[in-house]
Amino acid sequence: MSMKVVITGIGGISAAGANLAETLEAFRNGRRNAGPVSLFPTTLPYPVFEARAGSIPPRWERKGMRTLSLALSALEEALADAGLRVEEDLSPLRVGICLGTTVASQLNDIEFYRSYRDRGSAPMDAVDRYLKGNLAQAISSTLKVRGPALTVVNACSSGTDAIGAALSWLRSGICDVAIAGGADELNRVPLCGFGALGIVSETLCRPFDRDRGGLNLGEGAGILILETESVARRRGVAPALFMAGYGSACDAYHLTAPRPDGTGLEAALARALAEAGAAPSDVSFINAHGTATQDNDRIEGRVLAGVFGPDVKFLSTKGFTGHTLGAAGGLEAVFTAAALREGWIPACAGFVHPDEEIGVRPVTEITSVRGPLAVSTSLAFGGNNAALVIARAEDGGTWRSRSCTLRE
Amino acid sequence: MYIAGIGLVFARGRGIDSLGEALCDGWKPPSEQGCACSGKKLNLAYRVEQEVLTGSAVLRKIRRADRFSKMAVLAACDACGDSGISFTGRESSLGIIVATTFGPHATTFRFLDDVLDYNDADVSPTIFSHSVHNAAASYIASVLDCRGPTLTITQFAFPFQHGLLLARAWLDEGRCDHVLVGTVDECGTAMEYICGSKLRIAEDGKIRPFDFSSSPSAVPGEGSVFFLLTRKESHKKYCRISEVSLGGESIAQDRPNICIFGADGMAGDESTYRHAAPPYTTLAGYAPLFGSMMTGDGFHCAAAALMLEKQMRYANPVQDNPHDMNLCTMTEEAHMEDIHCIRIDCLHEKAVVRLKR
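So the sequences go chain by chain: A and B.
Heads up: the first sequence begins at 1 in the numbering used here, then just goes up one per residue.
Heads up: the second sequence begins at 1001 in the numbering used here, then just goes up one per residue.
In case anyone wonders, no lab produced these hints; they're calculated from the structure.
Don't take each hint at face value.
[What the hints assert, rightly or not] Distance ranges between label pairs, derived from CB positions:
no.: 1; chain 1: A; residue 1: D128; chain 2: B; residue 2: D1122; range: 24 to 34 Å
no.: 2; chain 1: A; residue 1: K132; chain 2: B; residue 2: Y1193; range: 13 to 23 Å
no.: 3; chain 1: A; residue 1: R117; chain 2: B; residue 2: G1026; range: 49 to 59 Å
For every residue, glycine included, the Cβ atom is placed at its ideal position computed from N, Cα and C.
Same shape as in the complex, but just chain A (with noise of 0.2 Å):
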C-alpha cells in the first residue's frame, strides 16, 4: 500500500482573483475578468486575461519576472492556508519545490535578443533574470529550504506534471513537504505562437461549445501544499483533502495535436483512478482542460463520457482564467481542491449551446457536489496527458482506497 498524501494547503492567483476567495467569488457570480493585452506591445486582437493590476502583493514583486511574482503570491497564500510558518515549521523539513512553466524556462527576451542581433552585443540583465528565474530553484531559494527543486517544462501539462512528480518524492521518501504546481506570466512569445497556430479566439472562450472558436491565454499561479500523512498529523493537522491519484501517458502521436481516439488520456485517467482504488462512478465531478480549441474539446469530451458516462459533471475553468500554460494545471488542481472542500462548482463559463460531436455537455450552473473524489486532466503539447484525483476525507478525517493495485 503506498503512503497517503495530504494537500494541507492551496493558494492561487489569476484573472479570476488574487486569492481563493476572490476567485470563488468570480466564480459564483460568472466574472470573466478578460479584456486587451496591456502587459506588452502588440498587434494582435485577442483578449487575455491578465491577473488584475495590483494583485501581486509589493512584497513579492520581482522586477521583470513576473511568473515568479505570481508564483510567490500563490505560495504565500497556500502556505498561510496549511498553517505553514516558513523559518519555524520548514526549516526542520526535507521540502521538495516542484513546479511547471513554460515563460519562465526560455530565454525569449525580444530586447535582448533585438540588441545581440543588431549590434553583437547585449546586456546581460535578461540573462541574469532568467538564470535567477528557474521557477522551483528561485522558490526554493526563496524559502531557504532544503530538498529537491524541480522545474517541470511539459507544455501546457506542466503544472499537473509537476504535482504528479511531487506526489512520487512524498512516496518515495524523497522529501517530507512538497510545494506543488505552476505559474506562467502572460507574453508575447507565446501570443504570437498560438495565435500563429490558429487556435486562438478573438472573442471569450466558450469551451465544449458547438461553435468555440479558440482559446484566451491567461496568467495566473496554483499552488499546493503536500505532505505525507504523518508529517501532516504529527504537526497536529486533520487532513481534508488526499491527493490519492496521478496518471500520466504520452500519445506518441504529434508534436501539436492530440491523438484523436483520446487513447493517451483515457490511460492517463485509468492509472490515475487505479492508484487512488477509485471506479469512474466514485468521481463526482471533474475539471476538465477544455481549451475551447475544437480538437481538445472534441477529444476530451468524449474521453470523459466514455470514461465517466453520459451523465459526467465536468466543467472548464479556462472560461475565468483563460489557458495559463504552465500555471493551469496547478491552477486547476487548486479550484478542484477548493471545489471539494466548498462543496459546489461553478457554470462552464462561456458555454451555451452543446455540441453533437461531443455528446455530452458541462455544468450550466452552479451545481453542488458531494461525492468524495474529483478528478483534474491536462493536455499537452508534445501528446502528453495528465490526471490527478483529489479525495475528500471522509469521516474520521480520513479516506480509504477501495483497492490498491500498486505495486510494493
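Following the hints, put chain B in place on chain A, whose structure we already have.
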C-alpha cells in the same frame, strides 16, 4: 536501479563506443567558429558534427525536428538499441525523463527572428512548436512509440541528478518498468555569446578539472546522453545506480575506486572540489572531452558505467595537477566496483551519483 543501455551524441561522435574511443584517445582541441579576420575572438566549443545528425534512418522519421531534438532522439534511440530490450506490445511500460538546462534556445531565437522581422501575426507556427522545451521528449516518444509518462525538466542545478531521482521514484512506484533518463543541451551562436560574456573561456580550449580555481575556465559543449534504467537485474548491461544524493545529504563514506569530478568551469568557484572526495581517492574528470555543460554529469555517469562494465580506468584527458591530487593518469585494466560522480554547483551544494558494478 540498473543501467540496461546507454546512447549518446557529443563532439567526438555518436554511441557509447565513441565515448570509449574518446576516453582512450584523450584530449583533442575544440572546434572554432567565427572569422579571425574580423578581429573578434573565435568561438571555441565542443560542437556535435553536423554529419552525426544526418543520414540516420531514425532521423528520416523526424525530418522537421531541430538540432536539439535530433540529438536527443539519436541518444535515446541508441540507449534502447544498446539494451536490446523491445517495447513492442508494452509501450506504456516505458517512461521518459528529459533534463535540459537551456532547452531548444536556438529555435527560440529563430522564433524571435520571426517576431522581429514580421508582424506578430505572421510568425511561423512550426518554429514556435519546436521552441517548446518538451518537443524533444515528444519526438522521442513518437519514434519509440512510448505511451508511458513523459516529463521534461529544466534546471541550472543538478538537472541530470533530479532526473535520476524521479526515475527511481517512478520505478519504485511501478509507474513504469523502464525509464529513459537523459540530458540534452545545445550550443547555438547566441548562447556562445552569452557564455563568452558570463564565463571565462579557456583560450587554449582546455578545461582543467583539477585546478580548483575560484575563477575557472570553461569551453562550452553540447550533446545528449540517455540511459535506459530498469528495476530488473537481469536487464543490467553496465552497472547499478545505487545512490543519488542531492544538496549535501549524506552518501556512504567508504572510498570508491574513482571519484569523477564534474568541474568544468560552468558553476564559478570550484575550490570546494578540493575536499569533495575522501582522502587519497583516485580522481578523474572528463569534461575536456565533451565540454562545459550543466548537464555534463550524464556524460560522466556514462564514462563511469563504461569503466564498471569494461573493468577499465581511463586516464584524465587533461592532467594539470597544481594541488598534487591523486589523478588517474593511465588508461589500464583495473578492478572497478564503485564510482562516485560528484558535481558542485555555484552555491557549493554537492550532488553525488554512486554507481556500483
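So the hint says 49 to 59 Å: do the beta-carbon atoms of A:R117 and B:G1026 match that?
For A:R117 and B:G1026 the Cβ distance comes to about 38 Å; the hint is violated.
Just to be sure I understand the hint, the distance between the Cβ atoms of A:D128 and B:D1122 should be within 24 to 34 Å; is that true here?
31 Å, holds
Using the Cβ atoms, figure out if A:K132 sits within 13 to 23 Å of B:Y1193.
Hint holds: Cβ distance 19 Å, inside 13 to 23 Å.
Consistency with the previously given hints fails for number 3 only.
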